[in-house]
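**Student:** Here is how the chains run, residue by residue.
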Amino acid sequence: DAGITQSPRYKITETGRQVTLMCHQTWSHSYMFWYRQDLGHGLRLIYYSAAADITDKGEVPDGYVVSRSKTENFPLTLESATRSQTSVYFCATDRLRQGTDTQYFGPGTRLTVL
Amino acid sequence: GNSVTQMEGPVTLSEEAFLTINCTYTATGYPSLFWYVQYPGEGLQLLLKATKADDKGSNKGFEATYRKETTSFHLEKGSVQVSDSAVYFCALRRSDSNYQLIWGAGTKLIIKP
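Residue numbers (this note's numbering), protein chains in the order written: chain A, 8 to 121; chain B, 552 to 664.
Worth flagging that the hints you see were computed from the coordinates, not collected in a lab.
Keep in mind that a hint or two might mislead.
Unchecked claim - A few chain A residues facing chain B, derived, Cβ under 10 angstroms:
#1 Gln13
#2 Pro15
#3 His48
#4 Gly49
#5 Tyr55
#6 Phe97
#7 Cys98
#8 Asp108
#9 Thr109
Computed from a predicted structure; not experimentally measured.
We put the CB at the ideal spot given by N, CA and C, even for glycine.
Chain A on its own, in the form it takes in the complex (with noise of 0.2 angstroms):
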């Protein structure tokens, strides 16, 4: 049982690229969510998802795309890399049945914008 697989696991772009990030779930759990993780800054949200086809903003989306066609799948693309994009990027995934259900986590892509 894999739970989250998250690819490329590390990646180097050039500024202006377009660059997309995997995240893929086993479980069907109803929520996914992108993060971000920057020293000084923790985890910030970048985008979640409800359900397939259902996508919303969450704290930083600008300069970010979603999609999520099956709940499986919830891709990030950036548009036009910068480098402030420079980041570890975090899916997770949540079942959301009860307010004490938690998150699990992937294990990163670490991206680093020239």
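Chain A is fixed; fit chain B onto it per the hints.
**Tutor:** Relative to chain A, chain B alone:
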């Protein structure tokens, strides 16, 4: 609004020392409280949780008690090991929230042999 405040790190201790990482929160209603741990190079994983006042969450020798009167959820461990070196995050979920976890900034813990 809702927020979580953690003590700043890094916290450096010797092996077998007693650990406390402070976490206080501001929230409406009756939130659930969580501690997550992030080991180097990995994603976050749930360490423990408490869902109502006076509940104690525990796991792997770590404990935290939900204190509504002081709005706190401090993480403690009686004797730390080098393998406990990690970043620890405190988080809350409001009882009326449909999805969102509110995160603290994280506290880096370094245990020296």
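**Student:** Would you mind marking each hint as holding or not holding in the structure?
**Tutor:** For each hint, the structure was consulted:
With a cut of 10 angstroms, the hint placing glutamine 13 (chain A) at the interface with chain B holds, because the nearest CB-to-CB distance is about 8 angstroms. Given the 10 angstroms rule on beta carbons, the hint for proline 15 (chain A) is violated: about 15 angstroms separates it from the nearest Cβ of chain B. Taken as an interface hint, histidine 48 (chain A) checks out: its beta carbon lies about 7 angstroms from the nearest beta carbon of chain B, inside 10 angstroms. At about 4 angstroms, the closest approach between the beta carbon of glycine 49 (chain A) and any beta carbon in chain B falls short of 10 angstroms, and the interface hint on this residue holds.
Against a cut-off of 10 angstroms between C-beta atoms, the interface hint on tyrosine 55 (chain A) holds, since the closest Cβ of chain B lies about 6 angstroms away. Against a cut-off of 10 angstroms between C-beta atoms, the interface hint on phenylalanine 97 (chain A) holds, since the closest Cβ of chain B lies about 6 angstroms away. Annotation: cysteine 98 (chain A) was flagged as interfacial toward chain B, and the flag holds, the nearest CB pair being 8 angstroms apart, inside 10 angstroms. Given the 10 angstroms rule on beta carbons, the hint for aspartate 108 (chain A) holds: about 8 angstroms separates it from the nearest Cβ of chain B.
Taking 10 angstroms as the C-beta cut-off, the interface hint given for threonine 109 (chain A) holds, the closest approach to chain B being about 5 angstroms.
Checked against the numbered hints above, the structure breaks only hint 2 and satisfies the rest.
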